[in-house]
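Could you put the whole structure together from the sequences, leaning on the hints where they help?
2 protein chains.
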Amino acid sequence: MQSYETMSKEELQQEFEQVKAIYKEYQGKGLKLDMSRGKPSTEQLDLGLEMLDIINSKSDMKAENGIDTRNYGVLDGIPDAKKLMAEVMEVTPDEVMIFGNSSLNTMFDMVARSMIFGVCGDTPWCKLDKVKWLCPVPGYDRHFAVTEHFGIEMINIPMSEDGPDMDMVEKLVSSDPAIKGIWCVPKYSNPQGVVYSDETVRRMANLKPAASDFRIYWDNAYIVHHLYTAEEGKLLNIIEECKKAGNPDMVYEFASTSKISLAGSGIAAIASSEKNLADMKKTITIQTIGYDKVNMLRHARYFKNAQGVLDHMKKHADILRPRFELVLETLDRELKGRGVGTWINPKGGYFVTYQTLEGCATEVIRLAKEAGVVMTGAGAPFPYHKDPQDSVIRIAPSYPSLEELKDAAEIFAVCVRYASLEKMLQD
Amino acid sequence: MQSYETMSKEELQQEFEQVKAIYKEYQGKGLKLDMSRGKPSTEQLDLGLEMLDIINSKSDMKAENGIDTRNYGVLDGIPDAKKLMAEVMEVTPDEVMIFGNSSLNTMFDMVARSMIFGVCGDTPWCKLDKVKWLCPVPGYDRHFAVTEHFGIEMINIPMSEDGPDMDMVEKLVSSDPAIKGIWCVPKYSNPQGVVYSDETVRRMANLKPAASDFRIYWDNAYIVHHLYTAEEGKLLNIIEECKKAGNPDMVYEFASTSKISLAGSGIAAIASSEKNLADMKKTITIQTIGYDKVNMLRHARYFKNAQGVLDHMKKHADILRPRFELVLETLDRELKGRGVGTWINPKGGYFVTYQTLEGCATEVIRLAKEAGVVMTGAGAPFPYHKDPQDSVIRIAPSYPSLEELKDAAEIFAVCVRYASLEKMLQD
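Heads up: the protein sequence lines correspond to chains U and R, in order.
According to our numbering, the first sequence is numbered sequentially starting from 1.
According to our numbering, the second sequence is numbered sequentially starting from 1001.
It should be emphasised that the hints constitute simulated quantities derived from the structure, not laboratory data.
A couple of the hints might just be wrong.
[To be verified] Each computed DSS-like pair below joins lysine-lysine, with the alpha-carbon atoms no more than 30 Å apart:
#, chain 1, residue 1, chain 2, residue 2
1, U, 304, U, 281
2, U, 58, R, 1243
3, U, 314, R, 1062
[Claimed, not checked] Covered by chain U, per the in silico footprint, the following chain R stretches (three or more residues, Cβ under 8 Å):
#, segment
4, 1141 to 1152
5, 1282 to 1290
Computed from a predicted structure; not experimentally measured.
Every residue, glycine too, gets a C-beta built ideally from N, C-alpha and C.
So this is what it looks like as structure tokens:
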């Protein structure tokens, strides 16, 4: 395919007329498609349906340790669920605490606790003049929304295919005590699908923070969310690496079953050091008598163990894979070699990220919208919604049907060509 | 029965010898009984078992408005659950938001939000030199634990059979802008079982707070938890009364199904004004994508409406009533007229409160423990665990079996006599 970069102004103009015609044709179809939401499809939700039968009126409602899951109590989760999530997270049950239906909520609460009560005896962040946070970009919009909401100053850290720029992270973390945290989605990162390299994880674990209450927020949201094999999502164990590095308290690892069992009714977990867990529990024991143990039991009984989770995730992958491949094939066919942007082929997770020419993302998203395709808003994967180069677009292929996705991906590709040509003809 | 007050020193000494002998006999039995926990019994939990069958793999998982309860989304709860809880709380669905499994958690989060972000645009409490809170006593230990944890100064407000001392509440709230809240359990109060009188509710709704961000935390924990008839628990609607008084934003009402369906796996709700709900949601939309909607659907489908809840609560009452009556009969038989303390006969809720002679509560609880009966710790129903008169003992009859309760109540009565005689003989 001829790259636009090698075309003359005339050729570009001619190409633009053609692309406009194709675009207009799509626009005429009056489609209503949505590639904006990282939600499981109905087919995927159906995979977990039998889970709803596992706990019924005939069930033994006692956890492994004999406690009645229907009653009050047990702050850190029933042993059955701790064992399951520990196996999935490759830590010991003692290193895990189980929560309610939302890992985002556990992260929010962690920041809230740090603001009001401080971390392990350090000054509560609300008493400090300035709190800063490192944000690998592009990243997860809801992470950035949390730190923004708490008035924390966010610093962009560029991502590569190995993870965040560790030179920059090391320099900042070791020199500025106002930096209290970093958001990481280390496996199949949101939105690029990057798996942090071993070197990245080791350098992360070996950080020498200026602040004793600096913590890595390791959101392992896609821990078993492979499109192909677990091998391709292989990630060093940050809890282990932090221990080896003499930094056992520097990390909180988050996970949940939201995109494993049911998106709104899963269980969430945190893995961390004994010291960190004890520190958290000082406040959580005041906050609640305990999280939903019946739902914990439901999960533990249904999945049985980590292998049960992995087997189940293969069914998710069978539904997701064709959707991802359709999008990637369309990008390959329509855009590869045209010099209009780049993307990474993810091996798991929920997104494909397209990087347009500088200054084109907003226009692509606008064009797509006018042709009936809703994309995630421009700037969403950046702190303060500001994409400094206006070039990152998050594509979420999970929710639409394959038929819808075919049109949506093609329209997207046309919009990328359209916006790129507009820009090139202007320059 | 002869009152100890009318006995001579000799008669008291003789009585003491008798009581000591009875106590010793009980002690010799080596019993292990527990009247400390306000937990539903296994029999009660069994009442809700069929609820676990209501949602199964064959169920239509869509809420009334067509959204799939299994997926992400819907911040304030599915309409089915809002309708149910609104009916129970006697408000409109628009005035209600549904949460996870713990109303305590919703209260904690409300205080946390107020600390960090402020209430409806007012200064965040963490920026103030001093925040104070009114605590009707005796009250719920976990309420006081929340305000204590946030470093809020708690002020005791005496309770009568009509509710908190409203002269004192009015005076304090109208004169001190540092007072930001009051804890209330208005129906079958924890631990006395008092139902606030109409006058108390009206005076509460007509408060003229010095602080614009003063809020009544109206924890209607026992909203349908009648031992006899709903009539006896009749309570004016605080949301209505606050509107009438021109104070629509002054109250948050909390409720949950914890002691209706399953103690650890219910749903919680807040009712409040549109302005307050909007203010809360500004933060909650950052905190979570939404609470467990499958569990909301489970509750809405199982109970259907408020009448369904009331019918179900009659079954709870049938289990609880004999337990309460056994305790109250024992107190009547063993202690009435002896001049060794007072109690109120509750018509609902989870507790009986015994008020000993001044300075005897700790000793009664110690004696009971040594005879094998665990009671709630002395001072627990007071801020900072300090019962200024060392006289309030919370009795929780729900969890033990009737047989256990018979022994436990009798041992308790003997311990009250024992400690009272000790004190009288010392004086």
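Has the given pair, residue 304 (chain U) with residue 281 (chain U), been kept, meaning a C-alpha gap of at most 30 Å? Given pair residue 304 (chain U), residue 281 (chain U) holds - Cα atoms ~27 Å apart, limit 30 Å.
Given the hinted pair residue 314 (chain U) and residue 1062 (chain R), is their alpha-carbon gap at most 30 Å? Distance of about 26 Å is within 30 Å: holds.
Restraint check for residue 58 (chain U) with residue 1243 (chain R), where alpha carbons must lie at most 30 Å apart: 47 Å, violated
Taking beta carbons only, do three or more residues of the segment 1141 to 1152 of chain R come closer than 8 Å to chain U? Since 5 is at least three, the answer is holds.
Checking C-beta pairs, does the segment 1282 to 1290 of chain R have three or more residues closer than 8 Å to chain U? Check passed, 6 qualifying residues.
Hint 2 alone, counting from the list given before, is not met by this structure.
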